[in-house]
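K.L.:
One letter stands for each residue in the lines below.
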Amino acid sequence: MRSFLGQAWTLVRKDLAMELRSRESLAPAGVLALLMMFVFQVTLDLQTPQVAAVAPGILWSALAFSGMLGISRTFLREQDEGCLDGLLLCPGDRGMIYVGKTLGSLLMNLVTAAVLLPLFFALYDLPFPFLLVPIVLLGTVGLCAVGTLCAAMTVHARAREMVLPLLFFPIVLPMLLAAAQFSAGLFAGRPWAEIAHWFHFVLGFDIILLTVCYLGFEYLVEE
Amino acid sequence: MDEPMIRIRELVKMFGPRRALRSINLDVGAGQCLVIVGPNGAGKTTLLRVLATLTRPTSGQVIIDGLDITHEADAVRRRIGFLSHQSLLYGDLSAEENLTFYGRMYGIADLNERVTTMLENVGLGSRRYERVRTFSRGMRQRLSIARALLHQPRLVLMDEPYTGLDQQATDALDRLLSGGETQRPTVIMTTHDLDGGLDMAQEAIFLSDGVMAHRMTRDAWDMEAFRRLYRENPTQSQP
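Chains as they are written, first to last, in our numbering: chain A, 1 to 223; chain B, 1001 to 1239.
Be careful, since some hints might not be right.
Claimed, not checked - Facing chain A, a subset of chain B residues (Cβ under 7 Å, in silico): (1) R1007; (2) L1054; (3) D1074; (4) R1077; (5) Q1086; (6) S1087; (7) L1088; (8) L1089; (9) D1092; (10) F1101; (11) R1104; (12) M1105; (13) W1221.
Derived from the structure by calculation, the hints contain no laboratory data.
Computed from a prediction, not measured in an experiment: that's the story for all the values here.
For glycine and all other residues, C-beta sits at the position ideal for the given N, C-alpha and C.
Chain A extracted, bound-state conformation (with noise of 0.2 Å):
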């Protein structure tokens, strides 16, 4: 166990890295999740009462695209020079590898997310309720769990751009309805036995695919 968890850490360090040096995914990831903030808040000419109903749909939308642009180039880093194979060669269980892929997309959603917030309640003027921290780590951990799958599904595909995302949100949809749910309750002030049961989805959303998605991703990447 703890050298599986080494292997995984030393691949996200490695990843972290990489990350920092070209910036491929998170500054794209970050740009599109802020343009989509701006172009919503300028399209839709909100007032007040609205913006509670509207905004969860707009805030998950942007995590949710952002989200992908990133996770989409988590495998593509390993194709170059068939590096890939070079994970596939290291001793251990290559579960190992989905962790490490999938903890890598974690942080730096997360990163994302952290500058998206902030701005997001200030541009459109919401208070900020403290249980939108987790509910937004919730989903960023399907999100992940997820996209890291498709990613390394699709990596070797010819229209990679356009499979992925068909791939990927179809699968994420019933979290990302949750999700956007449970901040809608938080936003309109109800309490927590009201919007409990979508927390409890995207909880259980979280578990049963990174289950499933770490248990197919050795046949996956092999075959």
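Go by the hints and put chain B onto chain A.
P.N.:
Then chain B, alone, in the frame of chain A:
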């Protein structure tokens, strides 16, 4: 022969309806060098990828150093060094960072010392902090050799290793494979270069359309027979 390093029995690999390997049977002794020759599409790279656990056999059994590659792939991978057409190196990392990354993944003890030794062995000690992206092709190949042999594998699999290699890289590869620092590894390599490629081999096989069409040991080398087989077996891709 003692217990062979590699034992292959009735190995079949199919890609959809296409048979890439058909009932391969082969033993390779420890410390030996086996060269696989054959036209493009004959199944040479597929055979290497199966041995490297990069692709699963459809049927048959492959035992490496007493371990079944299907059920004990983790332990098998620790024993394998793989040198392919591609360098398997990250351009945005330095030479040292690349080797350190792979060294950590293999759990190598005294890693810093080992990385330094390997960089010196391939003549890249003075370039260790430079990004691989800035390296020439020859330098990348030398670093790729260091990567493949970093964990002192008992079995080295090489896919056309000498193609495009400069003289310095060729010398480095020959020196490292001769087992100067440790026990000589078992080597399996594919090549089209009959003259150069067979130099270090004790045995050679000719693959044709996924079948082992000819096998020859060094004491019965017949280069003309291999050349004739090449002429008679053009590039293959039929199902």
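K.L.:
Run the structure past the numbered hints and jot down the numbers of the failing ones, going up.
P.N.:
Numbers 1 and 13 - these are the hints that the structure violates, sorted from lowest upward.
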